[in-house]
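Q: From first to last, the protein sequence lines stand for chains A and B.
Each step along the first sequence adds one to the number in this note's numbering, with nothing skipped, and position 52 is 52.
Each step along the second sequence adds one to the number in this note's numbering, with nothing skipped, and position 153 is 153.
Keep in mind the hints are simulated off the structure, nothing from the lab.
Heads up, none of these hints are tricks.
In silico SDA-like pairs for lysine to any residue, Cα to Cα no more than 20 Å straight-line:
id	chain 1	residue 1	chain 2	residue 2
1	B	422	A	17
2	A	21	B	415
3	B	311	B	347
4	B	203	B	73
5	B	16	B	61
6	A	185	A	224
7	B	452	B	7
8	B	422	A	294
9	A	21	B	406
10	A	21	B	410
11	A	21	B	405
Each chain is listed here by its residues.
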Amino acid sequence: MQISASYLAGLTGSLNQLTTKEQSLTNELSSGLAVNALSDDPVAVGENVTLSAQLQQDVSYQRASTSVSSVLQVQDSAVASVISQLTQAITVATQGTNGTQNASDTEATTTELTGIRAEILSVANTTFQGSYLFAGSKGQVEPFTLSASSVTTQPASVTYQGDSHVSYLQAPGGSEIPITTDGSKLFLNSAAGATNILGTLNQLISAFQNGNTTAATSLTTTLNGSVSFLSTQRANIDDSLSSIKTEQNSVTSQSTQLIVQQTALMGADTAQVATSLSTTENQQTGLEDAIAALEKQGSLFNLLAT
Amino acid sequence: MATLSTSWNISMSALKADQAALATTANNSANATTPGYTEQAAIWQQADSIEVGQQAVGGGVMDLGAASQRDLVLNKSIDVQTQVEAATSSRLGALQNLQATFASATTVSSAGVSSSDGGISSSLSGFFGSLEQLEASPADVSIRQSVLASASTLASSFNDAASSLQQQQQSINGEVSSVVTQANGLLTSLAGLNAEIESQDPKKDAGTLEDQRQQDLAALSQLLGVQQTTTEKNGIALSTADGVPLVEGSSALTLSVADVNGATHIYQGSTDITQGVLAGGGQAGGMIQVANQDIPTAMSAIDNLAYQVGKQVNTLNEGGSDLNGNAGGAIFTLPAAAAGSAEAISVALTDPSTLAAASSGEGTADGTNAAAMAALASTSLGGLTNLTPANYYSSFTSALGSTVSSVSSTNTAQQASLAQLKNQQTALSGVSLDSEATSLETMEQAYQAASKVFTIIDTLVASSINLGIETAAT
Chain A
1 MQISASYLAG LTGSLNQLTT KEQSLTNELS SGLAVNALSD DPVAVGENVT LSAQLQQDVS
61 YQRASTSVSS VLQVQDSAVA SVISQLTQAI TVATQGTNGT QNASDTEATT TELTGIRAEI
121 LSVANTTFQG SYLFAGSKGQ VEPFTLSASS VTTQPASVTY QGDSHVSYLQ APGGSEIPIT
181 TDGSKLFLNS AAGATNILGT LNQLISAFQN GNTTAATSLT TTLNGSVSFL STQRANIDDS
241 LSSIKTEQNS VTSQSTQLIV QQTALMGADT AQVATSLSTT ENQQTGLEDA IAALEKQGSL
301 FNLLAT
Chain B
1 MATLSTSWNI SMSALKADQA ALATTANNSA NATTPGYTEQ AAIWQQADSI EVGQQAVGGG
61 VMDLGAASQR DLVLNKSIDV QTQVEAATSS RLGALQNLQA TFASATTVSS AGVSSSDGGI
121 SSSLSGFFGS LEQLEASPAD VSIRQSVLAS ASTLASSFND AASSLQQQQQ SINGEVSSVV
181 TQANGLLTSL AGLNAEIESQ DPKKDAGTLE DQRQQDLAAL SQLLGVQQTT TEKNGIALST
241 ADGVPLVEGS SALTLSVADV NGATHIYQGS TDITQGVLAG GGQAGGMIQV ANQDIPTAMS
301 AIDNLAYQVG KQVNTLNEGG SDLNGNAGGA IFTLPAAAAG SAEAISVALT DPSTLAAASS
361 GEGTADGTNA AAMAALASTS LGGLTNLTPA NYYSSFTSAL GSTVSSVSST NTAQQASLAQ
421 LKNQQTALSG VSLDSEATSL ETMEQAYQAA SKVFTIIDTL VASSINLGIE TAAT
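Please put together the full structure from these sequences, using the hints given.
A: Here it is in structure tokens:
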């Protein structure tokens, strides 16, 4: 084969190709990523997009569930404080019905119970970040209002302005955690297994105001049922909290898994890249030597007698 | 019987031929690195012998001039291969720009941190993520604000990608115009060379003129895919791959570029030769493929994604209740159809309270509608070939990457084959200084031998004139 001037130019082209390959390998080493352009590994790029979307979904769920669990914690402590207020009310009412009370004692009992009712009402109207916690979906509306009875012999009444709508936070795993709470089911529920807590308190206060200790005794017993009903409700909230925790843990481990997958997919195998780099360098040195030798050798003209 | 003067003539013809061969060698050496130069060889022929007294005596050597060492078939194969290679090479270059627009798809998230790199994929998941936050805290105005912000990021991601694609398309169209201008110059030059070559001896290689024509053809092959047909008198007729004439004899036809509905078209006169150029290759063919096919395909994919996601989100928001209890409006402003959506998409809402996080008629603490919008992230949409938005984008980037990768491998193979052909051409037509040195040395020897013969005959003639008496050398 004849070596001409343009043959050397062709070798220089090969040298450029090797330099480009070295650059890309060096780039892989410095970024730690084997895939730096879509064409490097189209399938891996496609999977990477899906994995990144899943990861982002996990991150969003972590954030959303964290804010939901703050709401649930506030609800939990609100219910806990209602339970302790009710226990207090039971103690006060039991004392008020023990038969040794004079008129001023009864009045003090009434005042104390009225105070407790105000406390419970205020807890039932708790807001968190500007939204009422026990109003169903109507977060901007104060759910419970007390209207004093116009007739002194009649108990006061509490009305609910919220609604019964419950919305849920959906976990990537598909489980649902209730975010909104229907307050009427907690505090004004007279269905079987529940007690209309605020209604019972109103009747109790009215019973003391009217000096009806028989009714007061029976209503105090009803309040005992309320405490156990609320405790059950509180356990439900705690269940939600713990299932968020569980879901968060599983999402965290899923994220870790996804990141590992992503790294395996896109990451550069350092040892392999380093080996390729060294091979390419050897190739380049060899080619450079060959070009240098051809240049140095020149042509027969160098050897012609002058 | 041969005479001394016969020998004299023979050695004189040798001296002449040697000189001509030396001139050829000198010319070869001088043009060793001249682009397009084809190595020439001195062509000698034995002169007819002379019958002298029934004896044949050699008539010396005849110099028939220098002939270029050319293989027209090989040159034509190189031109064809150049056209094919130039097409994939220019397409590859443009596709690499195209895929760089979507390079954020290769971004790897670091642990627990959502990456926001301005790419469509991270903006999409960022937008759906913010809707999930809204689902958890529907009344939180700062979260509503962040939903609008991420909607705006998503819209700009689409806008940026669309404008980048448009710029690439415009710049390619500009390049096509410049390629066509250069090609017109070469076509004119080739027609002129045809005329000159046709005026020469049709049985001989036209030498330098042929070199120039080969070089113009090689340059034209880089630019445009053409078909060569050899005509009578060594002319070359050129036409597009589908037979539209470009050069006929000594006349060249002029090409022009026009924009037809946003696509670049090439015309010869009033004939649209775009398909022929596309099929023929060359830089023009490769660039037209990117400008008229690859970029529009990518554009239509992101248009469709922007349109479908925007439309679904709009429909849901319109069906829900906002913070003031009113029905929500469209979040995104979109064109009536998918085409142009990526370029046109923008956020229509300015007031965060008008995001309809609640189901219709529900209160402000309800996030059901926000949940439904967030759930679009994992919903297979009919308009997105039954894929989720992320999967649709994933399959788009994957397909684009595969195209680039396959064009790249094709180009590598074509380069190798072109290099092989060029090596063959170099071996045949290139100037080897070694062989020039050898011919120089050979010719020198031959010239010395011929002049020696000449001198001896001179002496012999002198001695025959002096009847055998040697004259003293002066």
